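Dock chain B against chain A, hints included.
Going down the list, the protein sequences come from chains A and B.
FYI, the numbering for the first sequence is 145 to 437, going by this note's numbering.
FYI, the numbering for the second sequence is 145 to 437, going by this note's numbering.
Bear in mind the hints are in silico, worked out from the structure with no lab data behind them.
Note that this is a predicted model, so its numbers are computed, not measured.
Errors might be hidden in some of the hints.
Note: identical chains are not told apart, hence a pair may lie in one copy or across any two.
Unchecked claim - In silico lysine-lysine, DSS-like type, Cα no more than 27 Å apart, as pairs:
no., residue 1, residue 2
1, 247, 388
2, 309, 242
3, 189, 201
4, 247, 309
5, 308, 388
6, 309, 189
7, 201, 382
8, 410, 201
9, 164, 242
10, 308, 399
11, 201, 388
12, 388, 242
13, 164, 399
14, 399, 201
15, 399, 247
16, 410, 309
If you want the building blocks of each chain, they are given just below.
2 protein chains.
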Amino acid sequence: MSAPDFFQQDHAAIEAGLEKLLPADSTPPASIHTAMRYSVFAGGKRIRPILCYESAKLFGADPAGAIPVGCALEFIHTYSLIHDDLPALDNDDLRRGKPTNHKVFGEAVAILAGDALLTLAFQTLANAAIEPARRVRVISEIASAAGTVNGMVGGQVADIEAEKKAADAAMLEYIHRSKTAALICGSIVAGAIAGGAGDEDVERLRRFGGQIGWAFQVVDDILDVSESSASLGKTAGKDQAQQKATYPALYGLEKSRAIAAELETKALRELDFYGERGTRLRQVAQFLVARRN
Amino acid sequence: MSAPDFFQQDHAAIEAGLEKLLPADSTPPASIHTAMRYSVFAGGKRIRPILCYESAKLFGADPAGAIPVGCALEFIHTYSLIHDDLPALDNDDLRRGKPTNHKVFGEAVAILAGDALLTLAFQTLANAAIEPARRVRVISEIASAAGTVNGMVGGQVADIEAEKKAADAAMLEYIHRSKTAALICGSIVAGAIAGGAGDEDVERLRRFGGQIGWAFQVVDDILDVSESSASLGKTAGKDQAQQKATYPALYGLEKSRAIAAELETKALRELDFYGERGTRLRQVAQFLVARRN
Chain A
145 MSAPDFFQQD HAAIEAGLEK LLPADSTPPA SIHTAMRYSV FAGGKRIRPI
195 LCYESAKLFG ADPAGAIPVG CALEFIHTYS LIHDDLPALD NDDLRRGKPT
245 NHKVFGEAVA ILAGDALLTL AFQTLANAAI EPARRVRVIS EIASAAGTVN
295 GMVGGQVADI EAEKKAADAA MLEYIHRSKT AALICGSIVA GAIAGGAGDE
345 DVERLRRFGG QIGWAFQVVD DILDVSESSA SLGKTAGKDQ AQQKATYPAL
395 YGLEKSRAIA AELETKALRE LDFYGERGTR LRQVAQFLVA RRN
Chain B
145 MSAPDFFQQD HAAIEAGLEK LLPADSTPPA SIHTAMRYSV FAGGKRIRPI
195 LCYESAKLFG ADPAGAIPVG CALEFIHTYS LIHDDLPALD NDDLRRGKPT
245 NHKVFGEAVA ILAGDALLTL AFQTLANAAI EPARRVRVIS EIASAAGTVN
295 GMVGGQVADI EAEKKAADAA MLEYIHRSKT AALICGSIVA GAIAGGAGDE
345 DVERLRRFGG QIGWAFQVVD DILDVSESSA SLGKTAGKDQ AQQKATYPAL
395 YGLEKSRAIA AELETKALRE LDFYGERGTR LRQVAQFLVA RRN
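Chain A extracted, bound-state conformation:
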């Protein structure tokens, strides 16, 4: 399945935002800005910014305020990949078909580039053109989604702790919902808040986001088993080699596909409320589950 047509348009708006927000390569100290840009512009699909932007457009007449929010989400996603790839963590040499950050710039700069992207994310959010009371809610939602309590860092820690142990269904769900679904859900919720959504809409999109984010990681597990490194742009079969807790490992491929499909169905049901207006978010969600890399 190829990406919906509007992806390209959204993608261009986000690339322009990222370009504007990142200090130039030449800004001193040059090495850190070069390293930050290397990973941000390594060819990401910009899924989180697109979800954020399309979520904002459900509510906002002018969704421009959601572009910096989306860029901040991409900075956070990128920092997490840089740190995750470090020798002390997943020790990966390849990401999006290119050498990982520490392979190019060394470990010290890679650690600091991750720190810097996380910091820049919050600076970007603090300066976004969104009414201040909404802006602080957006920051709180995203920080929580990236944090330790049911958030991304918590999921990464649980993921490491679960290696080489037999994770049960509850632990597997916790890991996937925290390490991946939380930030995807946070992207959708932050977009809705930035776009001016009321509380009921925010909670409806939180349910949508939680389920589609969870499905996204189940699909990621499946692709690690079923696709090649060339197709993925990262080392395939790595989960099994590292004895990671995954859906295929616990349930097998067929059952894992059924779980992803069920989560997708539940997620899409939440969008029924919006009828035609929900078409784009629906298409993004369908793409996330049907993607091959």
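Leaving out everything else, chain B in the frame of chain A:
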């Protein structure tokens, strides 16, 4: 010189804030929260939170909103120490007289604990009881002070790049103002904004903070040469061993002391405007320059 009497009272308010804001050791995943608490409660002097709190009190009838801001600053300071001590960076085994975070919890958890503290800092700021338009200004100031362009991470990168090179006066000033003074200045400015200061007061305190923060790092350089590891609670003489760019290395001890004293004088002059009200901030500043560890 011992700390002013009110330090103990401020310190208690900050410790209570840190205790409340950090997830309990037992909150899953337990290992990350244990690691975060280990470094936050390793005996820091809480200089940044105290500066923030006392700065807010210059302006605010109720400075309670500045306590979480101070705690966020301490989280950021602590994350920077954890990452700085890593083998890929300064490779230090001892901090505040205790084994460094990665020595106790391993490198993977130490990297993630740093990431988590930085994230928690912004979550804390986003939820602080400060009027939203001021809250986003506080977040922007602190993120900028912790970032790459004239901020903390930028200073750390420049510091690494300057090792084993002969840094000139301009580079040395850039490193010290970025890696240390920026966050100290940011603490003072953020406190002022949280306390309700007007723009002229914010800029006056920015000048005060920039100079006292710079003096602080010059003193740090001097103590690394003149004090023992036991007195410092970290490895003494490390700057020279690592061929770091320092004031004593470039100017000698006597001239370095004169530079620190001159910066202190300039800083204190900014507080004259506040007369008696500025006494506490003046005492903190004097303590920072006269301290022995």
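Next on the checklist: Name the hints, by number, that the structure is in violation of.
Outcome noted: Hint check: 2, 6, 7, 11, 13, 14, 15 and 16 fail, others pass.
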